[in-house]
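Position chain H against the provided structure of chain X, taking the given hints into account.
Each chain, written out:
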Amino acid sequence: MALRAAAGRLGSSSRRLLPVLLSPSSTNDHKSFLHSHATSFGYKHVPEEEKSKLVGNVFSSVASSYDVMNDLMSVGLHRLWKDRLISKLNPFPGMKHLDVAGGTGDVAFRVLDRINSVSHRAMQGTLTDIEEDTQIYVCDINSNMLNVGKKRASERGYKEGHRLSWIQGDAEALSFEDGSMDGYTIAFGIRNVTHIEKALSEAYRVLKRGGRFLCLELSHVDVPLFKEIYDVYSFSVIPAMGELVAGDRQSYQYLVESIRRFPNQEKFSQMIKDAGFEGIEYENLVGGVVAIHSGVKL
Amino acid sequence: MRRTAALLLRHSVGGGAGGIPQALADALVCPLSKKPLRYCESSGSLVSDAVGVSFPIVDGIPCLVPKDGKLLDHDQEKAEDGSTKDSSYNQ
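Chains X and H are the protein sequences, given in the same order.
For what it's worth, full-length UniProt numbering labels the leading residue of the first sequence as 1, then goes sequentially.
For what it's worth, full-length UniProt numbering labels the leading residue of the second sequence as 1, then goes sequentially.
Please keep in mind that the hints were generated in silico from the structure rather than gathered at the bench.
The C-beta atom is built at its ideal place from N, Cα and C for all residues, glycine as well.
Take these hints with a grain of salt, some might be off.
[Said to hold, decoys possible] Straight-line alpha carbon distances no greater than 30 angstroms define the calculated DSSO-like cross-link-like pairs of lysine-lysine that follow:
#1 Lys88(X) with Lys267(X)
#2 Lys70(H) with Lys198(X)
#3 Lys159(X) with Lys208(X)
#4 Lys53(X) with Lys34(H)
#5 Lys267(X) with Lys227(X)
#6 Lys273(X) with Lys70(H)
#7 Lys35(H) with Lys70(H)
#8 Lys35(H) with Lys208(X)
#9 Lys67(H) with Lys88(X)
#10 Lys267(X) with Lys35(H)
#11 Lys53(X) with Lys35(H)
#12 Lys227(X) with Lys159(X)
#13 Lys96(X) with Lys35(H)
#14 Lys70(H) with Lys34(H)
[As the list claims (entries may be wrong)] Stretches of chain X that chain H covers, calculated by requiring three or more beta carbons in the stretch to come under 8 angstroms of a beta carbon on chain H:
#15 149-156
#16 220-229
For reference, chain X alone in the conformation it holds in the complex (with noise of 0.2 angstroms):
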């Protein structure tokens, strides 16, 4: 508890409000950026068409070491983000809830961790029935992603295919009805979108009235000095974790430029809300090294 109120203060933990007007040139700047997302994979240039490949290539390639990774790398932080990020959510029992680019299940796990806790907190009878009704869906691209968080799943004791779904699946085209999900979770996953905003618009479509989209993404730290420790510790540090741990220097190179490649935190924003999304904030953990960004569908 103590770790996680001081990870919080860590740097500065800033939540704001878009601003309603914006000018013309800011929306400009980021329909351009949009393209170049498209077309970037990390600092490399590469077609659109191409990009999907290599980023599912990096997966494959990263799946098994996936988590181990994030341990190392984040220090073991991803854990509380990922905690901020279900505290967010705040999953309540008989929800549809999708997580996309969930792979390995990390953020799925904590969805029904928690819904299970409201329930056994509740009273018996009525609420039970309620909870049977609960479904986490499991959405990635990469199906080795999936196999290992199936097998998490197994190893932690979810019952096979009881609420908890795993479907291979684009973000760009999901395989959802309209207005069918109460919650869209998405993290560490749209940096690796081709067409940004069309995952976003697809998790728009999904969404019910009221439902909510929440993103956690690596975001861009503007805090002096921290900004070029920062800096050293993911050119250097991290491609190098990345050879010794994963074998695998050239993914862990591609994350680390694809974090600089992402559109800042309020242009972010901005496209959250061209997709249809209203009332949406940011809250920068650890100086803006990962910011939780949500918007409502009303």
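For chain H alone, kept in the frame of chain X given last:
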């Protein structure tokens, strides 16, 4: 009474739809047309009649990535053979 009925319904067709629960198959739609999918017994795949594409189910995981869908021949119910995807269908 309602709970028991719902439970029975869920578990009795758990083996249906080629290794995925019926409830899941019912919740899924075609990623291209967003229309309902049909489970095809012979190929163990989910078929989108709206666009004439079938999506495989591999190791109990439905693969609904648009580019992995197989175009179906006109009048053909089964999925094509000799495709690039090497998958063992869960029967």
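Would you say the region 220-229 of chain X counts as covered by chain H, given the rule of at least 3 residues with C-beta under 8 angstroms? Our answer is that it is violated, as 0 residues pass the Cβ test (under 8 angstroms) against chain H, missing three.
Between lysine 227(X) and lysine 159(X), is the straight-line Cα distance small enough, at 30 angstroms or below? violated, 44 angstroms
Distance restraint between lysine 35(H) and lysine 208(X), which requires alpha-carbon spacing of 30 angstroms or less: It holds: about 17 angstroms lies between the C-alpha atoms, which stays within 30 angstroms.
For lysine 70(H) and lysine 34(H), compute the direct alpha-carbon distance and say whether it is at most 30 angstroms. Holds. Lysine 70(H) to lysine 34(H) sits at ~16 angstroms (cutoff 30 angstroms).
Pair hint lysine 159(X) and lysine 208(X), alpha-carbon separation not exceeding 30 angstroms: Holds, at about 27 angstroms.
Within a Cα-Cα threshold of 30 angstroms, do lysine 96(X) and lysine 35(H) meet the stated pairing? holds, 19 angstroms
Could you grab the alpha-carbon distance between lysine 70(H) and lysine 198(X) and see if it respects the 30 angstroms cut-off? This hinted pair holds, its Cα atoms lying about 23 angstroms apart.
Lysine 88(X) and lysine 267(X): Cα distance at most 30 angstroms? holds, 21 angstroms
Verify the proposed pairing of lysine 273(X) with lysine 70(H), using a straight-line Cα cut of 30 angstroms. violated, 35 angstroms
Holds or violated: lysine 267(X) with lysine 35(H), Cα cutoff 30 angstroms? violated, 33 angstroms
Run the distance test for lysine 35(H) versus lysine 70(H): straight-line Cα separation, threshold 30 angstroms. Holds, because 16 angstroms separates the two Cα atoms, which is no more than 30 angstroms.
30 angstroms limit on alpha-carbon distance, applied to hinted pair lysine 53(X) and lysine 35(H): OK: lysine 53(X) and lysine 35(H) at ~27 angstroms, within 30 angstroms.
Against the hints set out earlier in the document, violations occur for numbers 6, 9, 10, 12, 15 and 16.
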